Amino acid sequence: MSDNRAKYRTEIQQMMFVSGETADPAPETTSMIEGIVQQQVMVMLQRATILAARRGVRTISTDDLIFLIRHDKAKVSRLRTFLSWKDVRKSAKDSEDKGGGGDAQQLDEFDLASDPTLGTGPSVGTRNSKANKKAKIGLPWDVSSFYSEQVPERDDEEDEEEEEMNAATLQRLKQADERTKGMNAEEYLHFSECRQASFTFRKGKRFREWAGFGVVTDSKPNDDIVDILGFLTYEIVTLLTEEALKVKQAEDMLKRESGGDEEKKGKKRRREPGLFDPPEEARTPVGPKHIQEAFRRLQKPDIKARYMAHVPKGNWQRTLKLI
Amino acid sequence: MPTIEVPPKKAARVIDDDYGDDEDEEDEVEKESPLKNKTPHRATLPNGLVSSHTPRSPNTLGPSRLVKTSTGANGPEAAKSSEDVRKQHDEDKKIAAEKAKRSFQQMFYTFEHDRDAMLEQAKLDELDREVENEISGDASNPQRHGDPGDPSSAPTSAQKGSLGSADLGASSLTLKHLIARIDMKRHMVRASDNQLRTLISEVKRGRSKWASEDRVGQEELYEASEKVLMELKAMTDYAQPFLQRVSKREAPDYFNIIKTPMDIGNMIKKLKQFLYKSKKDFVDDLYLIWANALKYNTDERHPIRKKAQHMHKMCDKLVGLIPDIVVKDRAEVEAEERRLASLEAGSHVGDDSDEDDVPIKASRGRKAPKKGANKGGSGGNARKTPPTSNGSGAVSTEKDGTSTPGPPDGRPYLQTTASHLRNEFLRADSEAHDISSAGFSTPPPPGTATPLVNGASGHAQGSQADGADVVRSGQSTIIEDPDVEDADFKVWKQVTMKDRAQATSDRHKLFRGHNLNADEPALLRSKAGMRRWVRQQKLSSENESSLAADGAIGTDEPDQQAGTGDTLAEGIEQEEDSTLPDYYDSLSSIPELRSTWPSWVTDSEGFVVPQTEEWIRMFPRGHYVSNSNSHLSSKMEFNMRQMQDTRKVCAKIGIVKQMQIQAQTYQNQFQKYEPQPFEEADVGNVVVSEDGPLMAPWVNRAAFHRSVGKIFYHAGFEDFQPSALDAVTDIAGEYFRKLVEGYKNYCESPQLAEGRPRFTSEEQCLHALSEGGIALEGLELYVKDDVERLGTKLGVVHERMKAHLADLLRPALGDNAGADGVGAFNDGSDQFVGGDFAEDLDEDFFGFKELGLDQEFGLESLSVPLHLLQNRMHSAYQAQNNNGAVSSSGILFETPPQYDAITVENLPRQIGLVQDFFRNKLRANRDQSLVEDEELPQKQRFPKPRLPPTGKISSPRKRPLREQQQMAKKKRKLEEEKKEEANKIKPLKLQMPDRQSLEDELGGDPEKDGQVNGAMISPESITAN
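Going line by line, the protein sequences match chains A and B. The opening position of the first sequence corresponds to residue 1 in UniProt numbering, with each subsequent residue numbered one higher. The opening position of the second sequence corresponds to residue 1 in UniProt numbering, with each subsequent residue numbered one higher.
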């Protein structure tokens, strides 16, 4: 199990760094995060398999996975963006065999470089305008599925949902931008390297073992599913880290208000940074307890779950919430 | 004997006791005297008795007084006390019942304890039956019941099986000869002695069953004892454990501790077997029960102990009612009397014996007529008396003739037949007198003026205050009772138990076995019940007015008495007076009528004007339809309509796509999409009895179904399985129930001290929603995302669909048309052929409008139906697939120069062949330049010859008759189907053909037309717009 835990330490550290954790997190922290992520992925696969079985299909499809997170609209829209860009890259790779251009790891750079809201209009006149045009990923529960005929979209349609989801993406991009602003080239390089961290990219085999393919679900996953899972795992780590940072911040605030750490108590002068004080301690990294608390907060059942709460189900353990 | 019957009987006695009472007293005296004072020093007594028996003579006064004085303190006192106590007790009960009845009017009692009452009553009845069974089992025993305890009667009982010896009580007196007769023919009578006995005692109704000819004092003793027993038995709350023998199973060691077990049932048995010889015997047994109970149950807190103590207390109260009598054998008594009489004087032996007998008999016979009079009223009495007197008359005549046989029963009577006869006459006489006095309530004879009688008979009337006192004391004792029960309630329970049990068991019959037993007789309103209701109404109003009045009870009673005797029928039907208040017995009562209810109004012709309508409370309209001015629901409905529209477009797209693929299509190949508009039906006219929701589960469920279905549709499901609808309806119903339950809880939460509600109405709502797992944000999100945004999305999709359909129909206007639009032709699309584009331009491309075709055929669109172009479409589709991209570039042709119009000047420039032709033309045109055919006014144009698919060139003018007919037919058909058949040839020509040619062409290829029109369906026709 321990080696199992250790599988993704660097990736998780990188992801945490991108998500705002500057210090080096302890191995306990990363292994805890890894455990959480693994659990989430397994549950996701399990549920997706059940969904697929309900449709009468043995292999899970991307729709099954997306269906699981359908309530998180922002995430769904990010995922759709991700998938559509993936398509774009694929077709681009097909058309002009660009070396390394279609790397999935450059996804985020893609996002950064070409703002999806701006530059996605069809480049008229270019040869591969059609191919580069970002195809929208349709979902089976979209409005267009109401009708028997599927009709291609038109360019002049505006989609406010897309704008909304882009707002969320933009928020995140802006955050990253803020962070990178003060960086020098080296740092930025590090940062961008970290951004490419992924559970899945070029680690397909490892990931499959780790996520329990063949155990949880007997279907052989296609690339799309692995990519989606990679995206989702990234999201999970980001979310956990952000939440944990919030927890830690609150804790630090409380400590400062209540007089700081125990050993500093009673020394009022410590309040003021003295001239000969040792340099301010580097920020302590988030610990397992913070991750735990963050996970607890994220698992807090939403109010909708109260419905039918009175019905005894026999199993009082709450079902895991996908985050 | 039911306790209920007690009051009227007693009341009756009180009233007509003018005669009976004084005899009663004397009776008592007489009874007392022989029993208690057997010693000869009572010499005066027989004397008094003898003289007293010149009945109904005014001089009774003297002797009776003499009796009173002579009997001394002992007898009368004892007699009076027991009699008094009994009367007082009866009075008490009566008053209590009355009081209770009044209180029943002021207090509502529920059915709560009725079941217990029913069960207890059933138990009591069972006990009675048991005792009865055991006794009748004894009847096989040849020994008479009256006999065994009596040693002196033992020799007489040698004559077994004779009824005369059977103890028939006083009935044996009047029915003596009948009995003798029966005895003579005893072997021919099939009935058992017991049956005969009951039969005779029934015939001689009113005669107490305890009465015995042979045994002096038995009747009085036993009657009182029985009453006491019944009374004790009726206290079911306490008496229950003592009703039956303690079984070994209940208490294994009981018989080790209790050597002489006793219970009420056993006592009744003993009573019926005449085993008690004196009050003491009876009372001893009675106390034995409680003593046993206390002895066995030593635990202080044992419930039975408490009950036994209570019963003991009650017993103490009741025992006073029993006269202190020792039952004696008549022979013994008479022997005594005779002995005493013989001591007195020997001259009036016959008289003596005669008169000696009279008082006893009179006293015994006393009850029969009186009771008859009381029970049946005058009618009943009248019915009853004649046979009696007749019988006695007959007997007497018979006796005359057969005086020799003497006393047939072999009783050691000394009376002669003459005395018997005389007796009978006297009796008849007295009975007659009794009837008159009882029935018409004649003023009491002077005899009642004696102080003694006065004291006794006046007791009933004068003792109201006493009675009230007793009642009060009785009540107070009840209140002091350790039990916590409400005194009123207790009275209620005791007084009404029997009636409630009856009513409950009646009701119970209808529902036995948890079923609705349709075969059981219905509970009907009875006359007596209605009368009682009326009486109770009157009574309660009376009581309200004179509640405080002393004489209220006294005056009420005669009222009731008189009331019961209104008619003969009533008398017959009169059941025992029920003690239940009228609200309790809802069958026999009239509900209150509201003054606001419509009155009986007739119109001029005498018909009743129905006024009900304005009083009918209708269920308000609009509760079952969605609120029309609600923003949300109107939005949702708009979305749904939008969806329907889009689906219509969608269906068209499907058809077009299908037509592009298939070479031929048929009309029935495509399902027309004709959505029904959504309609919500309200409930019809419903009369409701109160405000509030309509309590019709199926209606509400159906309405809920509809709402759920609406939401389904709104969520994009075009149709759904009924089971899904059911399931969701159930879940939603359950959810709403829970939600409303929570809301109710918040609404009804106790108020704060200041009297204001704990929650404001907003808080109530929010709390309830939060309990149900709904946050306001969630609701808002739903409205925003799933309604409003869905609306815009639907709009987008609708536009997209429409555009797509337009693209399908005229791809020419797309991007690849080229700069001048020529490219539009290259893709082989039909938009110019079908004339579709013209519609957008609002141009009469084919001139159909000008021709008035659109009106003639009711056309809405002037483009050519696509199905007529399908081959073309098909090929176009193919072409599009093959060389879609090739011709998309726009090539700009320069417009060819116009040909010069042919004039006289340029005619020579034409080739020679046509010069003559043109010249002629020019000439015809008066040398004006010729006009091209294209530029001619439409009417003057010539039709262009067209090659029909057959390849044969037919003359345009030639038109066979057959085709004409076909044309006419087709035209009709066209009108019916609103098809644009007339357009079908148009696309071939860019000019408007004149009407003639049009018809020509139509007629030109009838076969094809027929096929096409019959089988095809145009997308435009599907467009219902």
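Rather than coming from a laboratory, the hints here were simulated on the basis of the structure. Computed from a prediction, not measured in an experiment: that's the story for all the values here. Hints may be right or wrong, so weigh each one.
Said to hold, decoys possible - Using 25 angstroms as the maximum straight-line C-alpha spacing, the simulated SDA-like pairs for lysine to any residue come out as follows: (1) 272(B) to 297(B); (2) 304(A) to 657(B); (3) 648(B) to 141(A); (4) 304(A) to 738(B); (5) 321(A) to 779(B); (6) 635(B) to 300(A); (7) 73(A) to 738(B); (8) 300(A) to 95(B); (9) 304(A) to 913(B); (10) 635(B) to 321(A); (11) 75(A) to 788(B); (12) 300(A) to 766(B); (13) 75(A) to 792(B); (14) 304(A) to 744(B); (15) 75(A) to 742(B); (16) 744(B) to 788(B); (17) 738(B) to 142(A); (18) 304(A) to 786(B); (19) 710(B) to 71(A); (20) 300(A) to 742(B); (21) 635(B) to 80(A); (22) 657(B) to 71(A); (23) 73(A) to 775(B).
Could you check the structure against the hints above and give me the numbers of any it violates, in ascending order?
Failing hints, ascending: 1, 2, 6, 7, 8, 9, 10, 15, 16, 17, 21, 22.
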